[in-house]
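Asks: Chains as they are written, first to last, in the numbering used here: chain H, 1 to 175; chain F, 176 to 533.
None of these hints come from the bench; they were simulated from the model. Quick caveat: nothing in here was measured; it's all calculated off a predicted structure. All residues carry an ideal CB built from backbone N, CA and C; glycine is no exception. Each hint should be verified, as a subset may be incorrect.
[Said to hold, decoys possible] These stretches of chain H come out as covered by chain F in the derived footprint (C-beta under 8 Å, 3 or more residues):
1) 91–103
2) 111–119
3) 125–138
[Stated by the list, open to error] Using C-beta positions, here's what the derived DEER-type ranges look like:
4) H:E157 to F:G213: 47 to 53 Å
5) F:I438 to H:G7: 28 to 34 Å
6) F:P374 to H:E154: 44 to 50 Å
7) H:Q2 to F:T331: 46 to 52 Å
8) F:S461 to H:K133: 56 to 62 Å
9) H:G77 to F:P195: 30 to 36 Å
10) H:E139 to F:S461: 55 to 61 Å
11) F:P374 to H:K172: 45 to 51 Å
12) F:S482 to H:R142: 36 to 42 Å
13) H:G7 to F:R241: 51 to 57 Å
14) F:R230 to H:E155: 54 to 60 Å
15) F:V379 to H:E141: 23 to 29 Å
16) F:E524 to H:L134: 54 to 60 Å
17) F:G419 to H:K172: 35 to 41 Å
[Claimed, not checked] Some residues of chain F that are not near chain H, with every Cβ distance over 12 Å (derived):
18) D258
19) D445
20) I453
21) L480
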Amino acid sequence: MQCQECGKRPATLHYTKIINGEKMEFHLCEVCAKEKGEQMAGMEAGFSIHNLLSGLLNLDGQFAEGQPARSASSSEGLRCKTCGLTYSQFSKIGRFGCSDCYKAFAERLDPLFRRVHGHTTHRGKVPERTGGKLRIRREIERLKQELSARIQKEEFEEAARLRDRIRELQAKLDS
Amino acid sequence: MSLQRFTQDALSEWMRGKGPRSDIVISSRVRLARNLSGLPFPMLATSSQSSDIVRRVEEALRSDNRPAALDKAELIRMDDLSDLEKRVLVEKHLISPHLAEESRHGAVVLSPNEAVSIMINEEDHIRIQCLFPGLQPQEAWKLADELDDWFERRLTYAFSETTGYLTSCPTNVGTGIRASVMVHLPALAMTQQINRLFPAITQVGLAVRGIYGEGSEALGNLYQVSNQVTLGQREEDIIEKLTGVVRQMIQHEHSARSRLREISLTKLEDRVHRSYGILSHARVLSSKEAMERLSDVRLGIDMGLISGVSANVMNELMVLTQPGFLQTRAKQRLDAEERDIRRAGMIREYLSMKREGQ
Ligand SMILES: [Zn+2]
Ligand SMILES: [Zn+2]
Numbered sequence: 001m002q003c004q005e006c007g008k009r010p011a012t013l014h015y016t017k018i019i020n021g022e023k024m025e026f027h028l029c030e031v032c033a034k035e036k037g038e039q040m041a042g043m044e045a046g047f048s049i050h051n052l053l054s055g056l057l058n059l060d061g062q063f064a065e066g067q068p069a070r071s072a073s074s075s076e077g078l079r080c081k082t083c084g085l086t087y088s089q090f091s092k093i094g095r096f097g098c099s100d101c102y103k104a105f106a107e108r109l110d111p112l113f114r115r116v117h118g119h120t121t122h123r124g125k126v127p128e129r130t131g132g133k134l135r136i137r138r139e140i141e142r143l144k145q146e147l148s149a150r151i152q153k154e155e156f157e158e159a160a161r162l163r164d165r166i167r168e169l170q171a172k173l174d175s
Numbered sequence: 176m177s178l179q180r181f182t183q184d185a186l187s188e189w190m191r192g193k194g195p196r197s198d199i200v201i202s203s204r205v206r207l208a209r210n211l212s213g214l215p216f217p218m219l220a221t222s223s224q225s226s227d228i229v230r231r232v233e234e235a236l237r238s239d240n241r242p243a244a245l246d247k248a249e250l251i252r253m254d255d256l257s258d259l260e261k262r263v264l265v266e267k268h269l270i271s272p273h274l275a276e277e278s279r280h281g282a283v284v285l286s287p288n289e290a291v292s293i294m295i296n297e298e299d300h301i302r303i304q305c306l307f308p309g310l311q312p313q314e315a316w317k318l319a320d321e322l323d324d325w326f327e328r329r330l331t332y333a334f335s336e337t338t339g340y341l342t343s344c345p346t347n348v349g350t351g352i353r354a355s356v357m358v359h360l361p362a363l364a365m366t367q368q369i370n371r372l373f374p375a376i377t378q379v380g381l382a383v384r385g386i387y388g389e390g391s392e393a394l395g396n397l398y399q400v401s402n403q404v405t406l407g408q409r410e411e412d413i414i415e416k417l418t419g420v421v422r423q424m425i426q427h428e429h430s431a432r433s434r435l436r437e438i439s440l441t442k443l444e445d446r447v448h449r450s451y452g453i454l455s456h457a458r459v460l461s462s463k464e465a466m467e468r469l470s471d472v473r474l475g476i477d478m479g480l481i482s483g484v485s486a487n488v489m490n491e492l493m494v495l496t497q498p499g500f501l502q503t504r505a506k507q508r509l510d511a512e513e514r515d516i517r518r519a520g521m522i523r524e525y526l527s528m529k530r531e532g533q
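Extracted from the complex, chain F is given alone in its bound form:
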């Protein structure tokens, strides 16, 4: 089953290539929410209407001259997946928890390199998502726009001249666009500047949230910045504003890193190497500690303080050490304690492997 390809590797193929500003920006994503005209939104759709939507998308995909990005793309039905397989797709950010757990006749179209994932019967009939490594929201928008045009030639969307693309939630109406950038901001967090930065970002109509926290924390100093407004602004302007703000965040993070280097290099070196040591030798690691240590080591690599490990390894471990992946590897259900032991083992093994070979 080719599904294995999607659940075995932590890093999507698109992430292995280096994107611009990848020392701070992990990835850029653009999502377009679309609904088919004449059918109720998934929340109220009957079972037969929902399966009809999947069928229509499938039919569109069977037509000739698919865009290159959808070449060899596969449609995967949620009902054909185990809970664990779904969880892994969620951990890779390819599908949402909502699609995995609550959709009826939910499905996803995945391109082989996982740069495109199209969710069907999530909160809206269709959600086109394009992911690029590094800071490339413009590129992600261009591709999503192209795929959207291609689908629109085959499917009729619910669209109003005054209100734009009609979506299930009023927070998405208009453009239906959600553009987001995932950033790693350890130096700003260490120097406590992040609290001052966030209000400024929200001032301009963007939202920031920590990701990867179980509950409320921003584990691993990873944050997602995204547009809030979807109505009344052009897509290009939304993308431009987001890109501009992220560029400023990058600058702030860079200057925080230089300041750290100037005023407390030894402390910083101690911190990142200490974390590296723990990751290389610990026998039990909670996901919280693992994420924090991985963030430290990643900073050490990006600042040239640690050599011999690639930054990609850190990205990969951040996903590989999530509960779904650990259990897939172990081929069994694991309780929290078991997971902490396996997590430590997996990180040790991975780091020693990457140090010797490749």
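Isolated chain H (complex conformation):
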């Protein structure tokens, strides 16, 4: 299969993306993929982020520990107060500067996540030590689903047991 961009080199990258709700297929050679700035699964170093960034940002020393970055000027749009990255810089380099960027750019991220992943909410693993309450909430959700299934099947004894368990967990959550 030839690369759909250049039509010359063999396509070695094959993937789909959801664009405006439609599934699009891509078959690209490595060169064209790089040019398009595609960040592929398993493709570790796409392009030199550090070089690109140093041109884009002049952050030297700005992220010195404990020192707040320059405050956002409204004309520049969204900016992460913690690391100083702006949304437009983020969209150019495709990388967040720090974990607070997720909060700073939150209003713009759902469409991006939907495009890349087809989803916007995490459903996987929760950290054991620090994810305590979330773990409990997940468990409650799961039990509630099971509860309504039992009720539908008229298995009321089991349903009552589940309801008690949910109450227990709810109390734990509220304490």
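The hints should help you fit chain F with the ligands onto chain H, whose structure is shown.
Replies: What follows is chain F with the ligands alone, placed relative to chain H:
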């Protein structure tokens, strides 16, 4: 220096054992991307913040009751390695080119058998990688999950209830998992069926790429299949889907092999033995030709057409004939022409050695 252990042998110890479906599946890998809370991602971290991250991981590793998989694991700093040593680790897929070339205060924690490699200050603060021979993504996930839990008891991760594990690149966010399986598909390539198979794989949200090509080719008919989606799906479901798709690929490759045997056995035998002959006698071999011939011979071994050489030898030669390894062996820098001569020499020597002894 114990680093030698990691740069001398082409085959990691974990690869010497035979994994399930190893006639087609070379290896399974699971990588988890994690970041420490309260520190900028490596791209924006200052030098002191980056070295602090290495120190914190080192400290965690010094604590008691390390998991068995990390017993006697070593932390190796990129700054302590020569370019060639780094290159060899890249060729063995133990570290990424990005960690080798572009990281600041980059480091890797390697277990003695090389089944675990934990990259520090790559694109994310921590990338836990577990590698298993053959088709074992589930086992690789279980181990990565366990190591992740162990680290999380000692380090606080950047995690959001809605978005999951926060990563430098939005393509990794959520689970931070990248599960991949490396497969050898010569019969599907020979019968031109591979082009029809790939679109079907991408349909279900997985990505396929050729590996080992300098540039754009899938040399040696080796491909890597991996998950694309990291957000909104559970790790177990991701692993299950990947495993299911790879199983189907294996089936297709098997039936392509049987068809080849039925309709053109003589041609196939001629092809694999011809390649075996060239590998055994050639004086100059480009890496492209070497990979193609090694793939043929590997197919011949797996189909019982060639005997007296183990499939492991082929795996090993695929790594040993990479530029970094050749230069490490030669203990000097080599230009492309020199490398082609040394490559042929190394393959000849290796095959005659393996035929006589062991
Ligand atoms: Zn192209
Ligand atoms: Zn930020």
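Asks: Taking beta carbons only, do three or more residues of the stretch 125–138 of chain H come closer than 8 Å to chain F?
Replies: holds (count 8)
Asks: Would D445 (chain F) pass as off the interface with chain H, using Cβ distances and a cut of 12 Å?
Replies: holds, 26 Å
Asks: Quick check on a hinted range of 47 to 53 Å for E157 (chain H) and G213 (chain F), using CB atoms only.
Replies: holds, 49 Å
Asks: Range hint 51 to 57 Å: satisfied by the CB atoms of G7 (chain H) and R241 (chain F)?
Replies: holds, 53 Å
Asks: Look at the Cβ atoms of G77 (chain H) and P195 (chain F) and judge whether their distance stays inside 30 to 36 Å.
Replies: For G77 (chain H) and P195 (chain F) the Cβ distance comes to about 52 Å; the hint is violated.
Asks: Go ahead and decide if the range 46 to 52 Å is satisfied by the Cβ distance of Q2 (chain H) to T331 (chain F).
Replies: holds, 48 Å
Asks: Do V379 (chain F) and E141 (chain H) keep their Cβ atoms within the hinted range of 23 to 29 Å?
Replies: holds, 27 Å
Asks: Do three or more residues of the stretch 91–103 of chain H come closer than 8 Å to chain F, measuring C-beta to C-beta?
Replies: holds (count 7)
Asks: Is 45 to 51 Å respected by the C-beta to C-beta distance linking P374 (chain F) and K172 (chain H)?
Replies: holds, 49 Å
Asks: Evaluate the given range 54 to 60 Å for the C-beta pair formed by E524 (chain F) and L134 (chain H).
Replies: holds, 58 Å
Asks: Confirm or reject the claim that I438 (chain F) and G7 (chain H) have a C-beta distance inside 28 to 34 Å.
Replies: Distance hint for I438 (chain F), G7 (chain H) holds at roughly 32 Å.
Asks: Closest CB-CB distance from D258 (chain F) to chain H, is it above 12 Å?
Replies: Answer for D258 (chain F): holds, closest chain H Cβ roughly 16 Å.
Checked against the numbered hints given earlier, this structure breaks hints 9, 12; the rest are met.
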